[in-house]
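Working from the sequences, and respecting the hints, build out all of it.
Protein chains in written order, with the working numbering: chain V, 1 to 130; chain Z, 131 to 269.
Honestly, the hints are just simulated from the structure, not real lab data.
Ideal placement from N, C-alpha and C gives every residue a C-beta, glycine not left out.
Take every hint as true, because none was put in to throw you off.
Taking lysine-lysine and the DSS-like style, the derived pairs with C-alpha atoms no more than 27 Å apart in a straight line are:
no., chain 1, residue 1, chain 2, residue 2
1, Z, Lys139, V, Lys2
2, V, Lys2, Z, Lys140
3, V, Lys98, Z, Lys196
Incomplete in silico selection of chain Z near chain V, CB under 8 Å:
no., residue
4, Val137
5, Ile153
6, Tyr154
7, Glu157
8, Ile164
9, Ala165
10, Phe168
11, Gln170
12, Leu267
A few chain V positions that, by computed beta-carbon distances, are all more than 12 Å from chain Z:
no., residue
13, Met1
14, Ser49
15, Gln55
16, Gly94
17, Lys98
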Amino acid sequence: MKFGIVVNEGPYTHQSSDSALQFVKAALQKGHEIFRVFFYHDGVNNGTSLGVPPQDDRNLTLEWSGLAEKHGLDLVVCVAAAQRRGILDEDEMGRHGKSANNLAPGFRISGLGQLIESGIQSDRLVTFGD
Amino acid sequence: MENGEGVVKKFCYINRKAPYGTIYALESLEVVLIAAAFDQDISLVFADDGVYQLTKGQATEAIGMKNFSKTYSALGDYDIKKIYVEKESLEERGLSAEDLQALKYEDEDDDWAEKDSLFVVERDELAGIIDEQDVILSF
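Given below as structure tokens:
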């Protein structure tokens, strides 16, 4: 089955990123396809490369990046939600005249159309959030 | 099916949170406005505290938030004409249909007659509507 995933909450405060990560791992292990993981609302904070969680804790951004590299996952961060919350890639940094960028490897910034397309293309769209 | 062209799915956007206090209502509306460009079959549901999103007379100056409530009246221009409000959620909050904005659309198959796009439905009926959907996004 082809799954689209939506993550609507930030890491650590809320379990949605952990649950989504575990769901994606389990789905891949069972041979399912992940069409896309779309990060929205505070979920965009999963894409910051600047998080430094304690060493004895999980690092969700690194886990997502690692999973993307291993399985070619498409990790998409909503551009409008990301701009509000200070998640920028190099292009966005230049466009808005900011001094830094922080989008983690394996993530890309794109528009809400990517979420709708995920709903159209996937057999099931699964949302993680409240 | 490969590129999704010509595929029409039933998309349902469920709004369950108050318009201010959290960003969910505003960012849900942003999704709906983008979604309208994709020629899908769209329904909106307002339930729980989400019914407050459609109330008339919102005044946000004192909390320093943008009042985006007028945007809902533009949904008809985006060809969004199935907006369901749960009756029990209104009643539980001491509200009725009279407290809500009138939402309309122009029916192109009926000489652009202006028609209601907001329907107050009971919980049981709403469950049936949600059951018919292909894709549900809950905010």
